[in-house]
Each structure stands twice: as structure tokens, then as C-alpha cells.
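Novice: Fit chain B to the supplied structure of chain A, relying on the hints for placement.
One-letter residues, chain by chain:
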Amino acid sequence: MNILTDWPAFLPGLLAGLGVSVQVALLSLLIGIPGGLLLAIGASSKTKLVRILIIGIVEIGRGTPALVVLQIFYFGLPASGLTLSSMGASVVALAATTAAYTSEILRGGLQAVPQGEVEAAGALGMSRRDTLRFIVIPQGFRVAIPSLIGFAILIFQATSLAYTVALPELLSQAYSIGSTTFNYLSVLVLAGLMYAAITIPASWLTSRAEKRLARHL
Amino acid sequence: MDIFLTILQGVPMTIGLTVSALALGALGGIPLALGRRSTIPGVSFVAVSLIEILRGIPPIVWLFIIYFGLGTALPMLDPLTSAVAGLGLISCAYMAEIYRGGLSAITRGQWEAGEALGMGRQSVLTFIIGPQVFRVSIPAAASYAIGLLKDSSVAYTIGVSEIVYFANDQSRQSSDALGPFFLSALVYVIMTIPCAWATRALDARLRMRVAR
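Protein chains in written order, with the numbering used here: chain A, 712 to 928; chain B, 567 to 778.
This is chain A alone, in the form it adopts within the complex:
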């Protein structure tokens, strides 16, 4: 069993990579989810032009693979004078993807808030902005939480795409250890298990969140 001697030796490098992966995932979600909320609100705008524009952006964002978005930001943008570091490009690209996907999730959540509550708020003299801020968004967000956690898991997995822009995240670290030790299988399996060690418990969290929220509906 050379795993017993190999894996402890691989671990420090991989853990450093995992740290970078988690950091990219968190930053992307932190920027992307508020972006998604703005898009979700914009998609129900009263102005037709705004609505069409936003739905177009969301459809294009969801139709393009995250890998392509990443390459546009990292390899493409320098040609137009804007150079991003591999970290910057990864965060911006995954945040853009997050915004496009979560806008649909959040739109579903916001629509789940009964129209009667919006009318009631109007009857109490609340402005549209206050209704959105205090009535619709807090409830809509709650409904969307299980799907948002599910999406967060996918974004954490998608950080592995940043390998293609030479970001030293978990997969890059595993690959470079593999290329120096020629022990690809062992180190890649360990890296895979490290991804799974985060995504699998997180998906249990999703189903628990679903059950908890279902109690109040």
C-alpha cells in the first residue's frame, strides 16, 4: 500500500490548492448572488426594453459553458487592453455564471411570494421599493435557499475549470504533483476525494434545508 506513504506527502500541496478553490468559490458566490438578485428584479421590470435586455443576458450567460466564459476573461480580454490575473479572471467569470444561473433561481423564489402580500403592502402605503426590500426579497430568498446551496456546490466544482488558466487550485496542484512524481492516479484520486468531502456533505445540507423549509409552507 503505497497510498499510506504517498497521500500524507501529497496532502500539504493539495490542501493549499483546496484553500484557493474554496476562496474562488466563495468570492464568486459573494459577487454573483447579489448580481443574480439584480437580474431577477430587472427581469420583472415594467419597462419592456429592460426586461428583454435582461432576459437576453441571462439566456446567453446560461447558454455559454463556464469554461468559455473563463477563457473570454483570461485569454480574450487582454486583447482589448484589460488584463486580469488568473485569480481575478476566475472570480469574475464564475461570478458572471453565478449571476446568470441564480437570477433564474431567485426569480422562481420571488414569484413564490403571494401577490396578495404585495397588494397588502401597497394598501398599507409602502412604496414599491420598500415592498421589495422588506416583504418580497426576504421571503423569496428563503424559498430559494435549497436551490442556492445546490448551485453553490456546482460552482465549487466549477472552480476546477480554473486549472485551464493556471490558477494554483486543487486540480492544478494535483496535476503538478502528478507530473513530478508520475503518480497521477494516486494524487488525482486523493484530489477527487477532497472535492467529494466537501460536495457530498453539502448536498446532505441541501436536502435538510429543503425539509426544514417545507415545514413552514
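Honestly, the hints are just simulated from the structure, not real lab data.
All figures in this text were calculated on a predicted structure; none of them were measured in a lab.
Mixed in with the good hints, there may be bad ones.
What the hints assert, rightly or not - A partial selection of chain B residues facing chain A, derived with a Cβ cut-off under 7 angstroms:
#1 E618
#2 G622
#3 I623
#4 P624
#5 I626
#6 V627
#7 F634
#8 K716
#9 S737
#10 A743
#11 F747
#12 S750
#13 Y754
#14 I759
Unchecked claim - Quick list of the computed label-pair ranges, beta carbon to beta carbon:
#15 Q822/A / F748/B: 29 to 35 angstroms
#16 T692/B / L726/A: 46 to 52 angstroms
#17 T673/B / L793/A: 52 to 58 angstroms
#18 L835/A / V609/B: 53 to 59 angstroms
#19 E770/A / P578/B: 20 to 26 angstroms
#20 P578/B / L737/A: 35 to 41 angstroms
#21 S838/A / D568/B: 53 to 59 angstroms
#22 R853/A / T673/B: 26 to 32 angstroms
#23 S709/B / Q822/A: 15 to 21 angstroms
#24 G582/B / G799/A: 34 to 40 angstroms
#25 R839/A / T692/B: 52 to 58 angstroms
#26 W677/B / L795/A: 55 to 61 angstroms
Backbone N, C-alpha and C fix where the C-beta goes; we use that ideal spot for every residue, glycine too.
Specialist: Below, chain B without anything else, positioned relative to chain A:
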């Protein structure tokens, strides 16, 4: 325009990769979905663990494990075979979950009705429940297929010549670094958006054809 035509050369590979992986998943998902429901001790645990592991590890990592990890021992694993195997394995897990949703959509009464007619559980499954499960699973499978079409782009990292591969190539060769990527994005959007519309329409039609 030349760049666009070059990128289009990757489309057959992208579609072929997606269809093969999906076909593997549609078949492999069946034993996993049934295993998950099994009452034999251990079987359902193994099925659930397989599904969780397959879905819990990013696609690109699976491709690397197969191509770089197993490929050193098994030289017949060329990039395309590895990509089909990797994406196919992941599809098995996702399709199993889709079938599970389909199975739970069929009311218990139909199992009972089948048994009341003297059919064994096995034949109720193959003749009554199974066909309906496939029918209810189609919309979810179609949305998964759209996701898979986009995920197949990761095969570029192990050197499969699909859309993103050609886009990268063109971006490096031509003076225009940004254009090829936008064109490849356009190709994906053109492929996925009509699929998404068709799925929605199909979903509405199929819902009417399932016995309640």
C-alpha cells in the same frame, strides 16, 4: 468568417461526445436507480454511494483520473475514449436520480393494480411502470442533456478536438484573441437555446400522456 467555420468543425465532436455520454448514462442509470430502491441489504447503500461519489467529484477531475491516472496503465485510453467514459459515468449517476424522480411520480395504485391482475413485480416493472418512467423522465433528461452539452467542453483539457479546442487554437493563431471565444460562446448558445425551448414544449405535451 474563416474563424467561425473552423470553430464549427468542433460541433460534430461536441454533439457526438454529448450523445455517447448520455446514451451510456441512460443505460447505466437503470441499474443504479433500481439498486437504490433495492431491499437487499447493502445494495442500496452501494448504489447511493456510487451516485454520490460520481456526482460529488467535478467532471474535469474524472477526466483527469481516467486519462492521466488510468491511462498510464491502459494505453488504449485515448482522449476521446476517456472523455466519453468520464462524462458517461457521471451521466449514469445523474440519470439514476432522474429515473428515481420518475419512479416516484408513478402512483402506488399502478403497482397494486398490476399485482391484482396476477402480474409479478418484475413484469409490472417492465411492462407498466418502466415505460411510464421513461416518459416522465424525458424532460428532466433533456435539461440534463443541455447541461452535458456545455460540460462536454471540459474534454478540451485532455485534447479532444471539440468546439473550445478549435476556439483556443484560433485564438492563439490569429491576431484576434477575443473573437474566437465569443464565436464559440455563440455556437453553444445557438445549440442550447432551441433545445431549451423544445424541452419546455415537450414537457407540456408529455405531462398529458401519463396516467394518474
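Novice: Now tell me if each hint is right for this structure.
Specialist: Hint-by-hint comparison with the structure:
1. E618: 5 angstroms, holds
2. G622: At about 4 angstroms, which falls below the 7 angstroms cut-off, the nearest Cβ of chain A leaves the hint on G622/B intact, so it holds.
3. I623: 4 angstroms, holds
4. P624: Check passed: Cβ of P624/B comes within 4 angstroms of chain A, closer than 7 angstroms.
5. I626: 5 angstroms, holds
6. V627: It holds, given that the least Cβ distance between V627/B and chain A is near 5 angstroms, below 7 angstroms.
7. F634: At about 4 angstroms, which falls below the 7 angstroms cut-off, the nearest Cβ of chain A leaves the hint on F634/B intact, so it holds.
8. K716: Check passed: Cβ of K716/B comes within 4 angstroms of chain A, closer than 7 angstroms.
9. S737: 6 angstroms, holds
10. A743: Holds, about 4 angstroms.
11. F747: This interface hint holds because 4 angstroms falls under the 7 angstroms limit.
12. S750: Constraint on S750/B satisfied, holds at 6 angstroms.
13. Y754: 5 angstroms, holds
14. I759: The hint holds - I759/B has a Cβ within 7 angstroms of chain A, the shortest such distance being about 6 angstroms.
15. Q822/A / F748/B: 29 to 35 angstroms: Check passed, 32 angstroms falls within 29 to 35 angstroms.
16. T692/B / L726/A: 46 to 52 angstroms: 49 angstroms, holds
17. T673/B / L793/A: 52 to 58 angstroms: 57 angstroms, holds
18. L835/A / V609/B: 53 to 59 angstroms: With a Cβ separation near 57 angstroms, L835/A and V609/B satisfy 53 to 59 angstroms, so the hint holds.
19. E770/A / P578/B: 20 to 26 angstroms: For P578/B against E770/A, whose Cβ atoms are near 24 angstroms apart, the range 20 to 26 angstroms holds.
20. P578/B / L737/A: 35 to 41 angstroms: Because 39 angstroms falls inside the window, the suggested range holds.
21. S838/A / D568/B: 53 to 59 angstroms: 55 angstroms, holds
22. R853/A / T673/B: 26 to 32 angstroms: 31 angstroms, holds
23. S709/B / Q822/A: 15 to 21 angstroms: Taking Cβ atoms as reference, S709/B and Q822/A lie about 19 angstroms apart, which means the hint holds.
24. G582/B / G799/A: 34 to 40 angstroms: 35 angstroms, holds
25. R839/A / T692/B: 52 to 58 angstroms: For T692/B against R839/A, whose Cβ atoms are near 56 angstroms apart, the range 52 to 58 angstroms holds.
26. W677/B / L795/A: 55 to 61 angstroms: 57 angstroms, holds
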